[in-house]
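Trainee: All chains, please: the whole structure from these sequences, using the hints.
Here the protein sequences line up with chains A and B, keeping their order.
1 is the number of the first residue of the first sequence in our numbering; add one for each residue after it.
238 is the number of the first residue of the second sequence in our numbering; add one for each residue after it.
There is no bait here: all hints are sound.
A partial selection of chain A residues facing chain B, derived with a Cβ cut-off under 7 Å:
| hint | residue |
| --- | --- |
| 1 | His-49 |
| 2 | Leu-54 |
| 3 | Glu-75 |
| 4 | Ala-78 |
| 5 | Arg-81 |
| 6 | Phe-92 |
| 7 | Pro-107 |
| 8 | Val-109 |
| 9 | Gly-112 |
Note that these hints are calculated values from the structure, not bench results.
The beta-carbon is built from N, C-alpha and C at its ideal position, and this holds for glycine as well.
Each chain, written out:
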Amino acid sequence: MIEINNITKTYGSGDTAFKALNGVSFTIEDGEFVAIMGPSGSGKSTMMHILGCLDTPTTGTYFLDGKDVSTLTDEELADIRRLHIGFVFQAFNLLPRTTVMRNVMLPLVYAGVEEEEREERSRKALISAGMTESHFFHKSNQLSGGQIQRVAIARALVNDPSLILADEPTGNLDTRTGEIVLGTFQKLNKEHGRTIILITHEHDVAEYADRIITLRDGVVISDSKSHERRHAKHYEA
Amino acid sequence: MNVDMPNIMKLKDIIHETYAALSANKVRSGLTMLGIVIGISSVIAMVSIGTGASNTISSSIEALGSNLIQITPGAQRTQGFAASAGRGGAKTLTNEDAAAISAQISGVQAVDPEVSSRYQITAKGTNTNTSVTGVTEVYPQIRNVEVAEGSFISSIHNNSAAKVAVLGPTTRDDLFGEGSNAVGQVIRINGLQFKIIGVTVAKGGSGFQNQDDIIYIPVKSAQRYLSGDQYLTTIAVQATTPTVMSQVQADITTLLLNRHKIKEATLADFSVLNQSDILSSASSITSTLTYLLAAIGGISLLVGGIGIMNMMLTTVTERTKEIGLRKAIGARKKDISTQFLAEAIALTLVGGIIGIVLGWLISFVVNLSGLVATSVSLASVLLAFGVSAATGIIFGYYPARRAANLSPIDALRYE
Chain A
1 MIEINNITKT
11 YGSGDTAFKA
21 LNGVSFTIED
31 GEFVAIMGPS
41 GSGKSTMMHI
51 LGCLDTPTTG
61 TYFLDGKDVS
71 TLTDEELADI
81 RRLHIGFVFQ
91 AFNLLPRTTV
101 MRNVMLPLVY
111 AGVEEEEREE
121 RSRKALISAG
131 MTESHFFHKS
141 NQLSGGQIQR
151 VAIARALVND
161 PSLILADEPT
171 GNLDTRTGEI
181 VLGTFQKLNK
191 EHGRTIILIT
201 HEHDVAEYAD
211 RIITLRDGVV
221 ISDSKSHERR
231 HAKHYEA
Chain B
238 MNVDMPNIMK
248 LKDIIHETYA
258 ALSANKVRSG
268 LTMLGIVIGI
278 SSVIAMVSIG
288 TGASNTISSS
298 IEALGSNLIQ
308 ITPGAQRTQG
318 FAASAGRGGA
328 KTLTNEDAAA
338 ISAQISGVQA
348 VDPEVSSRYQ
358 ITAKGTNTNT
368 SVTGVTEVYP
378 QIRNVEVAEG
388 SFISSIHNNS
398 AAKVAVLGPT
408 TRDDLFGEGS
418 NAVGQVIRIN
428 GLQFKIIGVT
438 VAKGGSGFQN
448 QDDIIYIPVK
458 SAQRYLSGDQ
468 YLTTIAVQAT
478 TPTVMSQVQA
488 DITTLLLNRH
498 KIKEATLADF
508 SVLNQSDILS
518 SASSITSTLT
528 YLLAAIGGIS
538 LLVGGIGIMN
548 MMLTTVTERT
558 KEIGLRKAIG
568 ARKKDISTQF
578 LAEAIALTLV
588 GGIIGIVLGW
598 LISFVVNLSG
608 LVATSVSLAS
618 VLLAFGVSAA
628 TGIIFGYYPA
638 RRAANLSPID
648 ALRYE
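Mentor: In structure tokens:
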């Protein structure tokens, strides 16, 4: 469960100080599929960094599974990311010239998990993300855009995280491939009960989530169920 | 929230990541490594050549004899080797000088009057040009010469000015063929027949002049049949102990100045050289040479190390996004710095090992060429290995720390 209470984030100081977030509060229960939407400059990137434990808020509290992570050091945040958060980025998700398998197991490598166990867990994650076995040992530069995003999803799943955070995951994809990726998220949410937060500036993309939190100028301007909820036509490719 | 404690990255994975990163840009890794290879191999090769040259010079000086003082004709212009340039150039030393040294100076074990010159030698249709030295029976004792076959020149040979000769092994090989039995054969020196009575043991070593290419005859015979006068080219004096050498040297100088009626020591028409003086000045020259060579190697190693640092800094910049991604998925500072440090150390260690092998090969080839008997010491290999590892750590540390301290957000945004 995620509890955000009155979070602010200020960059710089004095006259040049800029408030990217100005008192944001919300709660996300386990198993929710939430989109955080807003135009550029709305504070959604800052929100993503804080939710992803890449950064800490200036004021306010952030409880992740009951633990206050808003005051941790860089090294403690790295531990939280490795064990409890899975990331899917818009671009540069995978290490170049590295196999799909190696990319997926990387969080487990940093966690010092035994080789057999991490290969087993990586296989499961890749299958859940809809990758076919024949691609497991392809190099990352031999994959299509859609496949890259699925491998990234598999990597986000592999450490069995409390939260999967996807930052514009369809930004570089065509509409059809984007829908396949979004379908993968819906499937993980519905069938595996994964908590997913989708950061996007596109309303069409946000509609695939169950709930949409809209940010503007660093504050929440709406937080509601998705009105015209879209269902991906197919979960699989 | 599960409570499994964060564990540490495994060594095998660090090696895997390092290999993957270095093989991603093989040309660049290879060129960077080349800097270290050249640095380490030049340190090893240079030090081995320097040590080898030093050993060669010392052993060829020691082979001249023990507790040896040499008196040669001609003015003593400078210390050390240059004095021997006057050798044979003037005729000032006589048989009487040698006899006086033997009779009047204490601390003298033996005195050998010598006449040395080069002659054309013929034997059974072959011929050679070599040094013919007139000596007495004490020569083997003073000059560390041993007889392999037959016998050496005796006092009886000398008293009767017998036409007998003892050959050095190289001269024997030149005249009669390698390893053949020359004792009892006859050679002609300057047209005169000499009977071979012995062959000496090879002194070995590749000195600057071959001490095995020589013919010994009685000194009386040399003066009577070859030079035709009573002068000597060298008086070799052996002191009883190393401690009395400088005293004996001073006494000889005084005695000869008196005998030659010379008042000023600077005007002396002879030089007295102490073997240990030659040895110490030679070894100080060669050790300076070794340090110089090692310094040249050390400079190229430093340049190689800077090359590593340069490459690692470029790599960190190029891989900023990768560092951001790794940090986002949970790599700690330590994981990132270990990875980059491991890459630098791997480059220097592999480069160091190749450099040691290459340096050893260079030293081996120099040895084969016969110029200098080189020797690669374990100490120089260990030193080179230690230096290459240290180079990796020192020059890899700064780039690694820079990578580790990148903020994940900035790194992910980096374009």
